[in-house]
Amino acid sequence: MKYAALIYSDEHDEAVNPDPTSEAFGAIMAGYIKFGEDNANSIEGGEALEPTATATSVQVRDGETITTDGPFAETKEHLGGFYIIEAADLDAAVAIAAQIPHSQTGTIEIRPVINFD
Amino acid sequence: MYPDDASAEPTGPYPADAPATSHVAQAVADVVHREWSRLMATLVSDLGDLDLAEDVAQEALEVALQRWNDDGIPDRPGAWITTVARRRAIDRLRRDENRRKKAELAARLEERAGEVAEPDETVLRDEQLRLVFACCHPTLRVEAQMALTLRCIAGLTTREIASAFLVPEATMAQRLVRAKKKISTAGIPFVIPPDLELLNRLRVVHHVLYLIFNEGYARAEGDQLMSHDLCDEAIRLGRITAELMADDAETLGLLALMLLLHARRDTRTDEHGDIVLLNEQDRSRWDQALIAEGEALLEQAVRLAQPGPYQIQAAINALHAEAETAADTDWVQIEHLYGTLVMHGRTPVVGLNHGVAIAMAYGPEKGLTHLDRLTEPLDDYGYYHAARADLHRRLGDDEAAGAAYRRAIELTANAAELRFLRRRLDEL
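First to last, the sequence lines map onto chains A and B.
Going by my numbering, the letters in the first sequence line up with residues 35 to 151, in that order.
Going by my numbering, the letters in the second sequence line up with residues 6 to 433, in that order.
Check the hints yourself; a few may be wrong.
Said to hold, decoys possible - Within a straight-line C-alpha distance of at most 20 Å, the following computed DMTMM-like cross-link-like pairs (lysine to aspartate or glutamate) qualify:
| id | chain 1 | residue 1 | chain 2 | residue 2 |
| --- | --- | --- | --- | --- |
| 1 | B | Lys-187 | A | Glu-120 |
| 2 | B | Lys-187 | B | Asp-54 |
| 3 | B | Lys-186 | B | Glu-59 |
| 4 | B | Lys-186 | A | Asp-125 |
Rather than coming from a laboratory, the hints here were simulated on the basis of the structure.
Just so you know, these numbers come straight off a predicted model, no measurement behind them.
Work out the full structure: start from the sequences and follow the hints.
Set out below in structure tokens:
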């Protein structure tokens, strides 16, 4: 089965998401590189996202496009990236998600991907 | 357990307008009671689809009600129903042939449908365990785990589960539908967890069964102190699990604990439905058969040399069962066991019971000293204040006892418990 692993964490918490120039950031990146290598056969894709300060929310109402600065909802944890993974079942998907570095400090939400075949 | 009232829901094991004579109805009910988990496990294994398995099992019961009435009850009713359910599944899958995979499954099933269902006990054991572990999967919320377990393993109808949990039937139906949809859509597997995870996953199963038992044992919001049904069902589920996991000490310990607690069911309330405390219960009316069974299971568990919290709690209750009068209770030993229990998981409620045991073994003052340390986590817990009130009362401090009883009354929703607490307050 195909799952999306959505990575949520508090982007304003320096300990959880340190500055990209810091040493701590390097340690987290090393964790992600190791995760990618360890699970190369299961990972079908994924991206890291810039912080929500760079986000734009788009809505079309009555034919008019309305853009708003920032994410749609204010929450403590923010979507910081995602993977698309292939796993035999939910147990296997949980086992993979538990290796994502931010599972230690944030939350990984696993969602089955709809198969439209 | 299965009322033969005319309004029974169509999704239950009893069709609404069953023309069946009562002995046929009884035979069908017996299959549900004894073999539902085996039937469901076999079908889920065949079909890989919980929803479909449940539907065809249900249909097969309805067919049985009609056919057994005309043709007589077959020699092996469970096998007969399994065969009919498989045929129903083939019919359904055939009608849904736009999905090639389903057609393949139907062909494969066809082979098995021809087999005279001669169950291999080892295979059946594994199939049932897989179903139990799926129903109690840690990615489901606990309400869903309980409902699914009662439906798929115990064979209760949606209506029975709803009434046991005091929620509208539609609410329970939706809870079950959502849980089954999560299992199929999110890919919750029907597998026995690998050794490394088995103990943790078994703990979830134990927790679900014990919650079901507790729901029946002392309902927080009900007018009646207990609902026999859920206790009976939890014990039945405990028996099934103990049969499947006979080499797991805590599985046996949990069943022993439930049996030992259930042995006191008739003496926990008086004829007005008022609470009778352990030391005032008529011990001659405790169910000696359940006590003997619980004690034998506990011994069997202890021999496996895997200590755990359910075994310790069973041992505590075995000590109560062994005391001929309340005064004979070996509180020193019980206090010691609570001390051990605390090491297995320091929850405030275990601490509360430990404090009560300390008071019984070494005097109310020592008990109160212990309980004082638990005020912060348990300040909103009615039993905590009721226990303190009782100890103050025994020390002759009516003022402190009264304040604690009033606080306990504020926090209690159960009508029988409220009557008890008010009576105690009045007696000061």
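Failing hints, ascending?
none
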